[in-house]
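Asker: Read off the chains here:
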Amino acid sequence: MSGFSRLQPDVQPSLIDPGYKSTSLRGPKALLIRIPHGLGETSGPRFGAGWVGPQDADLTQNGRCNGEPLGERIIVTGRVLDEYGRPVRDTMVEVWQANAAGRYIHKSDQHDAPLDPNFRGSGRCVTDGEGRYRFLTIKPGAYPWRNHPNAWRPNHIHFSLFGQGFASRLVTQMYFPGDPLLQLDPIHNSVPVDARELLIARFDIEATEPEWALAYQFDIVLRGPDATPMEA
Amino acid sequence: MPMSNRLRQTPSQTLGPFFAYGLTARQYGYDFDQLADGRIVRDDTKGTRIRVTGQVFDGAGALIEDALIEVWQADADGRYPDAAAFADCNAFHGFGRSGTGADPACRFGFDTIKPGGHDGQAPHLNVVVTMRGLLLHLFTRIYFADEAAANEADPVLALVPQARRNTLIARLVQPGLYRFDIRMQGDDETVFFDV
Ligand SMILES: [Fe+3]
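Chains A and B supply the protein sequences, listed in that same order. In this text, residue positions in the first sequence follow the working numbering: the first is 12, and each later residue adds one. In this text, residue positions in the second sequence follow the working numbering: the first is 224, and each later residue adds one.
The hints are simulated quantities; they were obtained by calculation from the structure and are not laboratory data. None of the values given here were measured: they were computed from a predicted structure. Do not rely on the hints blindly, as some may be mistaken.
[To be verified] Some chain B residues judged to face chain A by a derived CB distance under 8 Å, without partners named:
# : residue
1 : R229
2 : T237
3 : F242
4 : A243
5 : T353
6 : V383
7 : M407
8 : Q408
[As the list claims (entries may be wrong)] To spell it out: a stretch of chain A is covered by chain B in this simulated footprint if at least three of its residues, at any positions, have a beta carbon under 8 Å from a beta carbon of chain B; those stretches are:
#  : region
9  : 58–67
10 : 180–186
Positions of the beta carbon are idealized from the N, C-alpha and C atoms, including for glycine.
Using the sequences plus the hints, can you model the full thing?
Answerer: Structural data, given as structure tokens:
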């Protein structure tokens with residue numbers, strides 16, 4: 012059985028990063044032990060379209076109580092591909108984010124910014140036959156954190172994906188172009204400098220819907236089955 | 224395709240502290256469903272019922288209250304669920320998700336079945352550990368203390384220095400109940416794998 016591609020060290024962050032304080036007691040210090048890929052790594056959860064409800068991909072609707080959520084409505088769309096450019100079809104994409112004011116509904120978020128009774132901030136969808144996903148949501152606000160004095164997270168949406176096997180699991184964050192906080196953010200900066208752009212969505216006038224919502228395109232590249240000599 | 228034509232992977236970023244209403248909403252009491260929780264076993268799943276529970280500790284020995292633990296496992300015959308199994312929401316899916324923040328003692332927990340071995344490997348749960356403060360999720364495995372002979376022959380455990388293997392073996396507390404703690408750093412740091 013052929014394995015999956017491995018992590019690309021020139022794009023991935025380190026486990027202990029001096030700029031991101033919480034890594035100092037949580038990132039393991041021993042070297043990770045490399046293991047071959049067997050069934051447990053190349054197979055994985057296959058949550059398909061049957062696992063998505065009708066409003067799960069519309070965050071402007073799925074948390075409504077008595078009206079529209081506040082903030083700037085946006086479309087977030089893109090393709091999920093493997094490193095060889097092959098679309099990853101029927102794969103689950105989960106997202107969660109702060110509201111327009113920079114507040115999460117999570118009980119332990121104590122930031123003194125308003126909650127929005129009509130916005131929960133989480134959703135999911137499954138990619139189509141071309142690996143495409145699409146969410147309708149509200150542009151998230153920046154929020155402070157206590158990593159260092161005057162620390163603010165840039166606007167971001169959290170993403171979780173499964174891909175084709177347990178080895179292709181990915182947890183990441185999507186950022187917005189032109190955000191002045193990006194260059195000050197230790198989490199974004201944990202990624203090697205040349206690879207940081209991979210986490211920034213592209214403003215997409217083509218997918219923007221007139222009189223309705225701006226669109227951002229964020230393509231995601233996952234690890235996947237290594238190309239066999241036959242495919243090369 | 225040559226290496227140079229490969230697309231660059233999307234970099235990993237931390238899960239952050241506020242994932243619960245997205246990934247584990249039901250477990251934490253939010254009004255949203257979740258794809259999977261700590262109950263992996265189904266009423267009609269074949270196999271020996273077990274519960275695996277544990278805590279996660281940081282490098283200062285403090286309990287971690289915002290970790291997310293995921294499990295991917297084979298069925299009792301050593302087979303991993305496929306797309307057809309996931310098309311049936313009542314089938315055994317082999318995937319579980321449990322956060323440590325919904326329990327006063329910061330425990331994660333899984334109700335499942337003892338998986339079958341496969342490919343010469345001892346019965347084990349494949350585990351992903353992720354949390355605030357981890358920029359990349361980590362892979363580890365849960366093996367079982369009462370499978371000593373199979374563990375001895377396991378080719379993955381054989382890659383781990385003898386002195387550290389016990390960090391991968393869940394302790395049998397009582398019949399059907401296993402304890403598996405995860406230590407991010409320290410003398411008994413859990414073995415994490417480069418998968
Ligand atoms: Fe966040």
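Asker: None of the hints should be skipped; say for each whether it holds.
Answerer: Hint check results:
| no. | hint | verdict |
| --- | --- | --- |
| 1 | R229 | holds, 5 Å |
| 2 | T237 | holds, 6 Å |
| 3 | F242 | holds, 6 Å |
| 4 | A243 | holds, 6 Å |
| 5 | T353 | holds, 6 Å |
| 6 | V383 | holds, 6 Å |
| 7 | M407 | holds, 5 Å |
| 8 | Q408 | holds, 5 Å |
| 9 | 58–67 | holds (count 5) |
| 10 | 180–186 | holds (count 5) |
Taken one by one, the earlier hints all hold for this structure without exception.
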